[in-house]
Amino acid sequence: MITVPIEHVILMAAILFSLGLTGVLARRNVLFILLSIEVMLNAAGIAFVAAGARWAQADGQIMFLFILTMAAAEVAVGLAIILQYYRHTGTLDVDAMGGGRR
Amino acid sequence: MILVWLIAVPCIGALLAGISPRGRELRCRGVTIAAFAINLALTLALWIMHPAVLRLAGGGAWFAEFDRAWIPSLGIRFHLALDGLSLVLIALTNFLGLMAAAASWRDITEKVRFFHVNLLWMAAAVIGVFLAVDLFLFYSFWELMLVPLYFLIGIWGHEQRLYAAFKFFIFTQASSLLMLLSLLGLYFIHGRATGVYTFDYGALMGTALSPGTGMWLMLGFFVAFVIKLAAVPLHNWLPDAHTQAPTAGSVILAGLVLKVGAYGLIRFAVPLFPAASAQFAPVAMGMGVASILYGAILAFAQTDIKRLVAYTSVSHMGFVLLGVYAGSTVALQGAVMVMLAHGISTSALFILVGALSERIGTREMGRMGGLWAAAPRMSGSLLVFALASLGLPGFGNFVGEFLVLLGVFRMSAPLAAVAAVSLITAAIYSLWMFQRACHGPNSEGWVIPDLSGIEAAIMAGMISVTVWLGIYPGAVLNVTREALESLRPDITSAVSSKR
Amino acid sequence: MLSLLWLIPLLPLAGFLSIVLGGGRMRGSMVALIAVGVVGLSAAMAAAVAIRFIYLPPAGNSFTQTLWTWIPATGFMPEISLRLDALSLVMVTVITFVAFLILLYSAEFMGGDEGYARFFAWMDLFVASMLVLVLADNFLLLYLGWEGVGMCSFLLIGFWYRDSANARAARKAFIVTRIGDAAFVVALFLIFTHLGTLTIQEAAARASREWPVGSGLAVAAAALMLAAAVGKSAQLPLQTWLPDAMAGPTPVSALIHAATMVTAGVYLIARANAFFTLAPFVQWLVAVIGAVTLLLAAFAALVQCDIKRVLAYSTMSQVGYMFLALGVGAWSAAIFHFMVHAFFKSLLFLGAGAVIMALHEEHDIFAMGGLRRALPGTFWAFLIGAASLAALPVVTAGFYSKDLILLCDWTSKSGSVWLWAAGLAGAFLTAMYAFRLVFIVFFGELRTKPGRKPGFRMGAALAVLAFFSLSAGFIQIPPDIVNFSPLSELLETSLPRLSAVSVGTQTEALLQAVAGLAGLAGIFFAWFFFRHPALVERLVLTPLGSAFRRLWLEGWCFDRAYDALFVRPYIRLAEINKDDCIDLLNRTLARACESMHYLLIGTQNGRVRQYAAAVTLGAIVIIALMVLL
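Protein chains in written order, with my numbering: chain R, 22 to 123; chain X, 13 to 511; chain Z, 76 to 704.
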């Protein structure tokens, strides 16, 4: 069985994370930001799985399952809010949403 | 026990004034005046009776004391003691409190009850400061003083009152923290050295300190007191606070708060750290001379008459600083005379200026002029106190300033000569102020009522006290002599024997 | 009798207090009665004391009365105590007497003024302060009187306060003299610190004992006192206030700025003569200041157009004579001239006041003229005063006193021919300006019709003063005429005798003749120029003539120089620093806090992406730090 070196997996996770982060920072549409956050969460999940495999511990997979659930919940809540917001204002531009602090 | 009463009477007065029913302002004012009058009578009784002298550990010439445990675990006691210095200053406090209460008769019409509560509370705290000989107790009273003053300025002040109140608060609070640090430092050093942790003044007096530590601890006290005294370059809170405060507030500030700073220097900063103080004296005296001249020039520059009077305080308190650090009893006696005389003359000026600007609705001197014809009694009083503050012989201010400079001359003739220039600068600003207001053409056609009955009575009282201080200062000097001599071992005898 | 000494200054003080406390409710005549009455009583007391003192001299020729300890400080116990000796006796008698006459005159002169009560209150206070000044036993009490008279001078110069020019003149007088006062205070510190007492006699005795002649301390003490005297007596370089002080009512000018207060400097130097003897250089300086002032002021008096300004410069010049006398050690000659000057100069001022009143507040002498017939009484009084000022030989008092000073300049060991020559030139100029005034005001054609003539009270004062202006000289007649000099005999019980070289009667007579001739020549020139106005015109129109005229008219432009050197820089300094540059520090601190506040508010903008970026940035920085360190 070919084993993938842990460094490669971590590197991939990092790249994935950076891509997600770039998405969060660069995109203005809140839906895409949400998508990018999902990407970042998954990058973290990959890192966990890889680490779990490397040290032969179940914790990594447990953590991944946890992240998965959380991401699902987050998406559900987030989408609901975004939907409401869109109905209210007719826009999904995050920069126009400055009113959050008010 | 009488010492407790001196503090308790204003407190009871404050309570009664506070619970007096709404709309019955007269009762509230009456209570305040009665409280001050009773207290003044008590003080004068003490002054006249001159009780047998007690001795406390650590030297001193105390007339009476009151000592109870307060927080024994930390060595904190409720320890009050009265000597000549405290006595005259408490008399001043009560006298000025009475005057301030009377002066606000017409001045203050809003939130009357709370105003009088603050006034009395303030007086109680100041009297506490003058009586406390436990450093923790002293610090408590010291801090207690701040709050009512903040209210007095911030609530009943003039147009920029919040700025002024805030500035005052920050300055004094910052300085108090320095004092607290020094105080705790002294407490722990003394405790570690002797095993007895105490805040008692007499016990702490002899604490052995290394020169470096002594200097730092002394500086903490010094800065705290000098900020209250408003010496250059730490005077900047004063013009704003004095100008923006209501008349009674200015009276309290000029008459008492500045004196509290001076009292702190005389009672604590110098005796607790004699070596460091002696080393620091040239700097302090330099600050004194700088205050005298700088304050005088600034006073002359002002166009707001109340601000002018405020800056004269900077100038006069420079004499006190100079006197405290001149290292001779004569100068110290002079400093105390300046404190009393300045307390009265400047307060009177504030009352007059307040009455004047209330009548014509402006404090700008450019708009005044020719008021002598309209209000001769007011102008006459203004003249008297302008002359007093320029140091004319026959008024108390002269006696004080002369004694201070006499003491300074022994230590440094050039310094005294430079300080004597203030005779000229003081004449310039005083006459300028008086003439701007009362001489010249009455170009805006002011027609104003002269001093009312109450105001005339206030002025009559204050004029007689200033003149009394000027021609018979013995009454003050005799009662304070022992206290001042013990606070300042006279080094002049050494100097004169050297000659 | 002597133990009632304290009443002499107290009476005017009581007059002041009663007018101040009850003045608003009193009628004018009542005020005048009190004010003049108390000073009259005081004068009577002074006369009684004088008689007692002269015929029954107290032990040591002095009498000291201690009232109470003024300032009982540690190691410093000045007392309120009065001292009567020959010097203060002469001063007290002259002051109370002249003050009484001037107040009597004012009771009529000031009639109808809205500040009638105020005027008399301050005049009484002035007299009280002046008496304290001359009776003081110690320097500190002397200083009390010294400042008291300065304050009254301030108040009375600014008496007509509605005009800002008057207020300005008052302020100027006080502040300029205060410069001298500051020096005086320093002198007191010096004397007390090094001699241990402020009692004048005691300090003088100790100084003579402990300080060698010419020692630094003695020079410093004398120089500081000289500065004080120069300020009060309007001598160079602090003389600028006196001409402006004429803004006050004329009786004020007569009493304060001619007869009494301006001579306080002379009194101080005479009183502190021991210090000046110990500092020969300073004493020489006194003489030089006197000589220069008397000449400069006399030149300035030559061209003035305001009748009171002529007299003001004349006062300056005459006080210069007194300084000249003090400077050569002729102490009693200075006091003699003070006395005579008090009479004739107050006479001149009061005469001028009568003229001014008659001409409805006209001060310009060229608007006057020909008043000889219209105001004969005033004319004669003024003429006598001017003659005395011009030192008309033999008949006037001024001749005897000025002659004595000139003689002393010549004969004194510290005198010199230059000082004498300056005095002589001054005598010539004095006669010239005095009679210029007389001719222009009283001769020629009538230009303004006079109104109110002086009544009984003014006339009486003028008459008595005129009498004394003529006769006061006879109490001190030069030895080459008749050997009769009770005044200097009296004064020498308290002042040192002049150490003079003997010059013989003939030289003395010659010097007197020269001095007399100088005065007569001055009068002649005044007459000559008066008769030939075209000549004067031509003289004035030459470039040099007009330049000098302008220079003298402005009193040698001292005012302008001081304005540029001191007054304006001070005002400028004050204006620049009006908002207190030290406060800048605090305000900067406050502003820094405020901008930090806005800076931090800026980060809290609700932009999610910026928050995220900040979080990322932070994470990167932390990770980088962890990796690198």
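Do not rely on the hints blindly, as some may be mistaken.
To be verified - Short, incomplete list of chain R residues facing chain Z, as computed with Cβ under 7 Å: (1) VAL45; (2) LEU46; (3) LEU86.
Simulated from the structure, these hints should not be mistaken for lab results. Every residue gets a Cβ at the ideal spot worked out from N, C-alpha and C, and that includes glycine.
Query raised in the report: Looking at the structure, which of the earlier hints fail to hold?
Result: Violated hint: only 3; rest satisfied.
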